[in-house]
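Starting from the structure of chain A, add chain B where the hints point.
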Amino acid sequence: MAAGGVLAAFGIPAARAATKAAPRVVVIGGGFGGASCARLIKGEDRDITVTLVEANSTYIACPFSNAVIAGLRPLEQQKFGYDRVRAAGIEVIHRKVTAVDTKQRTVRLDDGKQLAYDRLVVAPGVELRFDAIPGYNEAAAEVLPHAWKAGEQTLLLRRQLEAMKDGGVVVMSAPANPFRCPPGPYERASLIAHYLKTHKPRSKLILLDAKDAFSKQKLFEAAWRELYPGMIEWVSLSSGGNVTRIETDTRTFVTEFGSHVADVGNVIPPQRAAAVAALAGVADQTGWCPVDPVSFESTLQPGVHVIGDAIIAGGMPKSAFSANSQARVCATAVVDLLRERKPASPKLINTCYSLVAPDYGISVAGVYQPANGLLTDVPGAGGVSALDAPKSMRAQEATYAEAWFKTITHGVFG
Amino acid sequence: MSRLLYTLVATTLVVAPGLTWAASPPGAASCLGCHTVAAEGGPVPALGSFTAEQMVTAMQAFRSGSRPATVMNRIAKGFSDEEIKAIADWYARSKSK
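Going line by line, the protein sequences match chains A and B.
Per this note's numbering, residue 1 is the first one in the first sequence, and the count goes up by one each step.
Per this note's numbering, residue 1 is the first one in the second sequence, and the count goes up by one each step.
Watch out, some of these pointers could steer you wrong.
[As the list claims (entries may be wrong)] These stretches of chain A come out as covered by chain B in the derived footprint (C-beta under 8 Å, 3 or more residues):
1. 323-337
2. 341-348
3. 360-367
4. 374-383
5. 393-403
[To be verified] Dumping the calculated DSBU-like pairs for lysine-lysine here, alpha-carbon to alpha-carbon at most 30 Å:
6. A/K391 with B/K95
7. B/K95 with A/K406
8. A/K79 with A/K149
9. B/K77 with A/K218
Since the hints were made in silico from the structure, they are not lab data.
Glycine included, C-beta positions come from ideal geometry on N, C-alpha and C.
The following block holds chain A by itself, in its conformation from the complex (with noise of 0.2 Å):
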């Protein structure tokens, strides 16, 4: 593409790229993602001006949130502050988004502020469907948390289940994919089941999925049969898995083919991209947002980049480590583009460990490029940990998981 080409198709004011005052990038969403691409965008570039806008002063990690539920974990160890980003040079807003106008590539804050910008960056995770489950909504979310998003609802869930008698029953529900973290409904189940199993040996945990087939699922069922037999009832979708409505005062699950009382429940509801993705224009009627796999710039909103959770990324999975290779590779293509260079084609990869106890990982992996306009898995590469694995190397991809997390929110918030 030609530098005159890219400023005249994305509307770059011609006095602006003829005084070439500093570009100016915003990152909508302080999570892996976007925290993580304005410290990028701005170590590969310290003359654009780049500002953050998160709403919350502290960002709550999910990954390891369920050994939190477990009681495995503080809560504190999943929670990191934005003063290191700003000591990068990057300004930290901490303010909700209210409007975003594309075509005067503006940005508004509930506080009435505006900001301009060259090329802006959106992460925003993901919303919870409180639309989608019949009863179950944000007041039902108080009595059967979703706990997934990490913060309080992780304490109340926590908290239900230590109060739960030995001999009760907990009831999960798992939705449909496309959904944030793919094994995280059953890495949950498995580490509830060792805190059942330590703590309340006589309790049970029924998982009701809305699909056929779950990620690692061979892992996970032989990690169960293992170190849970018994405990763990996972409920197909072709078994009546399907939860189609909830009753908060009775905490009971109903299915298309009967109903589940609960002592603890946890509904993992279906989700889309956080609202601001509307806000922006770049989600479309599936609720999330599909974006060109080489510069993840929105194929909807020219001079709007999606990344994370929110995005519709082909093969690769709605995960942290995701999110973070994609800041990555975004941050180079924003820059590129800024500075009028065509984008070079990535390579992505993403790892996900799971802990079916705490000395027990697994993990999946694989490598990504851009095929047919989605990310699409690098044929022959990636997979699953080995079934037949010795004890040995599950503890050490539990130990690996543990170096992941320090390592990638050192990167992003350390």
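For chain B alone, kept in the frame of chain A given last:
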């Protein structure tokens, strides 16, 4: 923040002064999802601790299965000889800057 950590973070994000991600080969950035460049002493080795030749040898061994691994065998299969060499050279250069 400790000096070590500061160095680590600066290296993780910027790699080295004068060497930018814009010039990095496909896939190189993703390595830093797990690895750091500077040594940290965790279970995952720092990429800066290898020469280009060492990294190429390790990646090829992971890819062929001749070197046992937990996850690198699965990742290495996603990269060609040329891509592996480009990534190894790039990290070696980033270290020498």
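Each hint, compared with the structure:
A stretch counts as covered by a chain when three or more of its residues have a beta carbon under 8 Å from one of that chain; for the region 323-337 of chain A and chain B the count is 8, and the coverage holds. Coverage of the region 341-348 of chain A by chain B holds [criterion: at least 3 residues with CB-CB distance below 8 Å; count 6]. Restraint check on the region 360-367 of chain A versus chain B: 4 residues with Cβ-Cβ distances below 8 Å, three needed, restraint holds. Interface restraint, the region 374-383 of chain A with chain B: holds (5 residues with C-beta to C-beta distance below 8 Å; minimum three).
Given a C-beta distance limit of less than 8 Å, the hint that chain B covers the region 393-403 of chain A holds, as 6 residues qualify and 3 suffice. Of the pairs offered as hints, the one joining A/K391 and B/K95 is violated, with about 36 Å between alpha carbons and a cut-off of 30 Å exceeded. Using a Cα cut-off of 30 Å, the hinted pair B/K95 and A/K406 holds, with the two alpha carbons roughly 22 Å apart. For a cut-off of 30 Å, the pair hint linking A/K79 to A/K149 stands: about 12 Å separates their Cα positions.
The straight-line distance between the Cα atoms of B/K77 and A/K218 is roughly 22 Å, inside the 30 Å bound, and the hint therefore holds.
Hint 6 alone, counting from the list given before, is not met by this structure.
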